[in-house]
Amino acid sequence: MSHSDTIPLHSTSQSDIDEIENLINSNPSSVLPARPPSPPRASIPISSAPIPPPAFIPSNLPAPTNPKTAPVPSVSSAAPKPPLPPRPSGPGGNISASGFGSPPNTLTEPVWDTVKRDLSRIVSNLKLVVFPNPFREDPGKALRDWDLWGPFFFIVFLGLTLSWSASVKKSEVFAVAFALLAAGAVILTLNVLLLGGHIIFFQSLSLLGYCLFPLDIGALICMLKDNVLVKVVVVAVTLAWSSWAAYPFMSSAVNPRRKALALYPVLLMYVSVGFLIIAID
Amino acid sequence: MDLNPPAGENYAHPWICFFHVVFKAAALAFYMLSAFFVDNFVIIFVVTVLLSALDFWVVKNVSGRILVGLRWWNEINEDGESVWKFECLDQESLARMNKKDSWLFWWTLYLTAVVWIFFGIFSLIRFHADYVLVVGVCLILSIANIVGFTKCRKDAKKQLQAFATQNLTSRLSSTIQSAFTVV
Numbered sequence: 001m002s003h004s005d006t007i008p009l010h011s012t013s014q015s016d017i018d019e020i021e022n023l024i025n026s027n028p029s030s031v032l033p034a035r036p037p038s039p040p041r042a043s044i045p046i047s048s049a050p051i052p053p054p055a056f057i058p059s060n061l062p063a064p065t066n067p068k069t070a071p072v073p074s075v076s077s078a079a080p081k082p083p084l085p086p087r088p089s090g091p092g093g094n095i096s097a098s099g100f101g102s103p104p105n106t107l108t109e110p111v112w113d114t115v116k117r118d119l120s121r122i123v124s125n126l127k128l129v130v131f132p133n134p135f136r137e138d139p140g141k142a143l144r145d146w147d148l149w150g151p152f153f154f155i156v157f158l159g160l161t162l163s164w165s166a167s168v169k170k171s172e173v174f175a176v177a178f179a180l181l182a183a184g185a186v187i188l189t190l191n192v193l194l195l196g197g198h199i200i201f202f203q204s205l206s207l208l209g210y211c212l213f214p215l216d217i218g219a220l221i222c223m224l225k226d227n228v229l230v231k232v233v234v235v236a237v238t239l240a241w242s243s244w245a246a247y248p249f250m251s252s253a254v255n256p257r258r259k260a261l262a263l264y265p266v267l268l269m270y271v272s273v274g275f276l277i278i279a280i281d
Numbered sequence: 001m002d003l004n005p006p007a008g009e010n011y012a013h014p015w016i017c018f019f020h021v022v023f024k025a026a027a028l029a030f031y032m033l034s035a036f037f038v039d040n041f042v043i044i045f046v047v048t049v050l051l052s053a054l055d056f057w058v059v060k061n062v063s064g065r066i067l068v069g070l071r072w073w074n075e076i077n078e079d080g081e082s083v084w085k086f087e088c089l090d091q092e093s094l095a096r097m098n099k100k101d102s103w104l105f106w107w108t109l110y111l112t113a114v115v116w117i118f119f120g121i122f123s124l125i126r127f128h129a130d131y132v133l134v135v136g137v138c139l140i141l142s143i144a145n146i147v148g149f150t151k152c153r154k155d156a157k158k159q160l161q162a163f164a165t166q167n168l169t170s171r172l173s174s175t176i177q178s179a180f181t182v183v
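Chains A and B, in that order, are what the protein sequence lines are.
Under full-length UniProt numbering, the letters of the first sequence match residues 1 to 281, in that order.
Under full-length UniProt numbering, the letters of the second sequence match residues 1 to 183, in that order.
Do not take every clue at face value.
As the list claims (entries may be wrong) - Ranges between beta-carbon positions, derived for each pair:
no., chain 1, residue 1, chain 2, residue 2, range
1, A, Val233, B, Phe37, 36 to 46 Å
2, A, Ala179, B, Ile121, 17 to 27 Å
3, B, Asn40, A, Val233, 29 to 39 Å
4, B, Leu50, A, Pro110, 40 to 50 Å
5, B, Met32, A, Val230, 38 to 48 Å
Claimed, not checked - To give a feel for the contact side, a few chain A residues facing chain B, derived at Cβ under 10 Å:
no., residue
6, Phe131
7, Ala179
8, Ile200
Hints listed in this document are in silico derivations from the structure and should not be mistaken for laboratory results.
Given the structure is predicted, the values throughout are model-derived calculations rather than measurements.
Beta carbons are placed, not taken as given, at the ideal position from N, Cα and C, and that holds for glycine.
Model the full assembly from the supplied sequences, consistent with the hints where possible.
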């Protein structure tokens, strides 16, 4: 036994079957005191150890990872299933291994692995959302592995850029930009949910945050080049790009008759951010 | 919960404990002291929220795993529903966790949230809406971790009981079985 946390999981994990067999084989020998030692029969105890379904689907973690995740499930999202209990491990004492060939759990991985995993998830989410593939089969399924790090950085970056470009009232600009974007994302998500759409709260927040990436680029360019005409063109292009990126997810989440109702506020928010970028001098 | 750390043993993971505490303390200290030194709200906001976010990540992914052996996260399954997953180490490893580590973990977790609440109340009283925003964000991050890990711990305790009961019943049944075969 005694596996320290730094031992990678793969080399030490036993499969379910081995553990069950250990459990079965160890019990009879420990409980028969006075009988002459007989080879332990593989007797199946009456209450056999239940084999719960592997509970550890490898998730790319929210750091949590992504941080900024409130674990209180949103009221309007589909009622989350009660948390699956972690699988009890056998007397072998190894860290609970997922059996039947499913991927290892993440409790004992080294820290660097976690960092790499989260970073790669941010990058893949960005690619998925911002460089939309028109031939993608199911747009609603993308961004399954939502994370809030990307949106956090993009919102803060946009606020910083706007604040930097402003010549007066820098703090107010930043606070307003941040609050507007954060509250806007929450309200837009609620809008979709109240329209009877099927979308997960955090998935939508994550999506709307990632779709800010083009506007971030636009704001950066506008900060560097002060010409009004250039600003208008750049903002128009990036605005169209952001809206195009957000369109498939939002539209697939609601009833087709209510598509416009869900998309219009998103467009409105991005347009207002665009105006903010143009108007800042 | 006792106010003093359990005596007689040292921290098993001193560096992890350090990082667990340092980001929280840095965020709180920066927020408190910045009013005297820094004039720019933007810097205060960005630095404080960044430190809080880093602390959130460290607690969730590193110190939670290593100091108390718990982890929680959210997944979206095939049906498009969100599922909260809670995970803990097996029982033997949980029992071997350093008591001092886990004492530090839980105490600093709760204490930070309480201190942020105090700061929030001060800002509210003074009608500084932008500082309330900062405190609000940091508070959300702290509470998220608290709720996640508390749920995880309850889950672990339930699982411990279930495991113990199951162990007991299986031993009992095999005892009975052997008793019958002897007869």
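Taking the hints in turn, this is what the structure says about them:
no., hint, in the structure
1, A:Val233 <-> B:Phe37: 36 to 46 Å, "holds, 42 Å"
2, A:Ala179 <-> B:Ile121: 17 to 27 Å, "holds, 20 Å"
3, B:Asn40 <-> A:Val233: 29 to 39 Å, "holds, 32 Å"
4, B:Leu50 <-> A:Pro110: 40 to 50 Å, "violated, 24 Å"
5, B:Met32 <-> A:Val230: 38 to 48 Å, "holds, 43 Å"
6, Phe131, "violated, 21 Å"
7, Ala179, "holds, 6 Å"
8, Ile200, "holds, 5 Å"
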